[in-house]
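Undergrad: Each chain is listed here by its residues.
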Amino acid sequence: MSDRKSTALLEVDNLSVDFGEGTRQALSNISFSLGRDEILGIVGETGAGKSLLARSLLNLLPESGRFTSGDIRLEGDTVLGISEAEQRKIRGGRIALIGTNAKALLSPVETVGAQIARVLRAHRDCSQKEAWKAAVDLMVQVGIVNPERRAKAYPHELSGGMAQRIVIAMAMVAGPDVVLADDATLGLDATIQVQVLDLLVKRCRELGAGAVLITHDLGIVAHYCDRVAIMKEGRIVELEEVGKFLAAPKEQYGQALLDAARVRPTPMVARVEDPALETQHETPLLDVRRLLKLFPIAGTQDVVRAIDDVSFSVKRGETLALVGESGSGKTTVGQCLVRLLDSDGGGITFDGADITTMPAAEFRAMRRRIQMVFQEPYVALNPRWPVKALIAEPLRLDPTLDRAATDKRVRQLIDLVQLPAGIAEVYPHQLTAGEQKRVGIARALATRPDFVVFDEPTTALDIRVRAQIIDLVRDLQAEMGMSALFITHDLNSVRSLAHRVAVMRYGKIVEEGDTEMIFSAAKEDYTKALLAAELPVEQGTAQRDRAETRRLAGAAA
Amino acid sequence: MTRFIRYVSRHPGAMVGLTLLALQIASILFAPWLTFYSPEEADPLMSLQPPSAAHWFGTDVSGMDIYTRIVYATRINLLISIVAVAFAFVVGVPIGLLIGFYRNWMSALVMRVFDFIQSFPVFVLGMALVSVMGQEIWNVAIVLAVLFIPMFARLIRAEVLSLRERPYVSAARCSGATDGSIMFRHILPNALTPAIVQVSISIGLAILLTAGLSFVGAGVRMPTPEWGLMVSTGAQQMILGVWWVALFPGLAIVISVLSFALLGDMVKDLSDPTTRERL
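If you read the sequences in order, they're chains A and B. Numbering-wise (the working numbering), the first sequence opens with residue 658 and increments by one. Numbering-wise (the working numbering), the second sequence opens with residue 93 and increments by one.
One chain only, chain A, in its complex shape:
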């Protein structure tokens, strides 16, 4: 074992990649090494070149991409400049890649068992029958319950986490030396993410493989990795042991990322400036009573109870976070509040008026006071409208505004969400994800609403952008004193944003309480499970021991 460790398993030496003569270097002078049993985290924001690096390691550069310098060595032997046939043996055989969005990686027209078996037969000489049996065994190893039945399932019949396990099983088929996981848990629920990462790390330990976890989540690095490489603009700016990095990053950029990943202090208690006002408005601004929303299941008489007897209320100036995993019904609640969906029972009272029974025309006037920030920043903006038109749209709800007043208000809003003034003429696709999000927020705030629903305000954003958006929302709320409902599965942001938390599961609220109370003393097992799945960087070093035990357990197994 010791002499195996002396030569690194994977060595990347001064690697540079560009896209043709005279273009910017997409990767420049990348050097790192990976030992057996080591887990290296590669962290960077969108466009840092992380995924390109992963593809380079497999010598699968996109078209027109080329290596301009450097070498990649696997146990001392170069993998660049060898024949295509030899490269194929390395890909999947000795270096395996696990990508994002497992469902898209699996072929939709073949059962997952057959797909695993095919990979098996590509690397091992065995009959169809043996391969199928081995595939089922592999599915057991990646923790799939009922593997015989699941093996006959098509990818669309599986959940995201299940599909990711299948992809991991496929990657592990040939017993690779190096596993590259490129944002392998992106878009999965936190509890599933932890299970998948635990599994991945355990399997790597069992095989004695080295792993490279490419991610934008420092929490994952803190909890799972031995060393971390921080990438920026195609370079590795910092390469350090995780413990040392978390304690004191050497580079400013690393420090900035780490700061951004930390939790902000809880917002102050809901404040209303005027105590007289407070008594006057003792009734909550928004009161949801026994809300019910059913979706029929196509072709049957059955229904899904997407919202099942949900009650909560939000006071003026207060922020309630609605947390839960995908499918818990939290987004449906938000959509009922802004009447994108009609509820099937119960009532929603906003400032004394029941908005579920209000005629649509009357509710339209109400929309000035209830606004929503949509989840995916890009698709919620009409691609053919420039930013100024997008922000001006809700202002049409106010017929007193003339053209000049509208323009002025648009400029103020652009300024309010801290975007440059020149952005007014730009189209959504020319914006970064963070800028798109800001435009979405500006739209929602245009009419100075009393109540805003934020649907997943922080998902799919880079670490620093996420922190900026959290700060922006905090500032805006303090400034405008509005009430808000935060719909999210990102517990980390809940702590920074919400006064109270309601936990949803299967369409019901299972627990509700003040933010600090929920985080420090949750009563329900489900809430505890959600909290345990969180990977805050603060607890990284402490929980590394836990990860270590998990790892040892894996090695022993």
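Bear in mind the hints are in silico, worked out from the structure with no lab data behind them. All values derive from a computational prediction rather than experimental measurement. Cβ coordinates follow ideal geometry from the N, Cα and C atoms, glycine included. There may be inaccurate statements among the hints.
Incomplete in silico selection of chain A near chain B, CB under 10 Å [as the list claims (entries may be wrong)]: (1) ILE1027; (2) MET1029; (3) PHE1031; (4) VAL1036; (5) THR1104.
With chain A held as given, fit chain B onto it using these hints.
TA: Showing chain B alone in chain A's frame:
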């Protein structure tokens, strides 16, 4: 405008399409100055002359100059096609928008009517309508328009069906947009691209159909210069080795159809802000 020039300079296809369009427009405007004979005057003595300096593309069985007739035919062919397609676009697009946006028994009924129209073979329908209404140029245009309306409506409807579920439509609704505003300001501009591309393809198709209807005798009549009719009369002599009578009008059809196909790509690229500035 600069964007347009830059686009054309970088896309040879657009350049070719524009050049061919200019050629056709020139033929329409300046036919009398571009040609040396009368398009409809027979000269039996000059029957079936092969291409020569006097008759560039030769003459047909009645002795009419083929080059002259091809140039004059541009007027009739493009007129029929553009009028038919424009009419179909103007009628079909709003219908498609409405039946895509409002899903009720009315929209279902409209769809069944479209199925009915489209289930007929094109030529049977064309021949039936023309025989009822008379073999006039305008009737050919109306037949084509009736055929194309369901095409545009279906195309728009399919786009609307997917676009109406987009988050930005929900977002617009939350911003207080009315149905009309959502349909015309949000959905229509995004649904239009395939229909606009379809315009140029349809013009090409209309030229082919006009020619086809003439070929089977349901279109315009001799001696009106029309490409399809010319191909049809020429086809009979093809077997005798008289190739020029059918070939040149056939080439005219190809060039005209090609030019509109190329222009369709250009319009698609230029109308989409997500591809526009990359050009």
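Undergrad: Let me make sure I understand: some of the numbered hints might not hold for this structure. Which ones are they, in numerical order?
TA: Nothing - there is no hint that the structure violates, so all of them hold.
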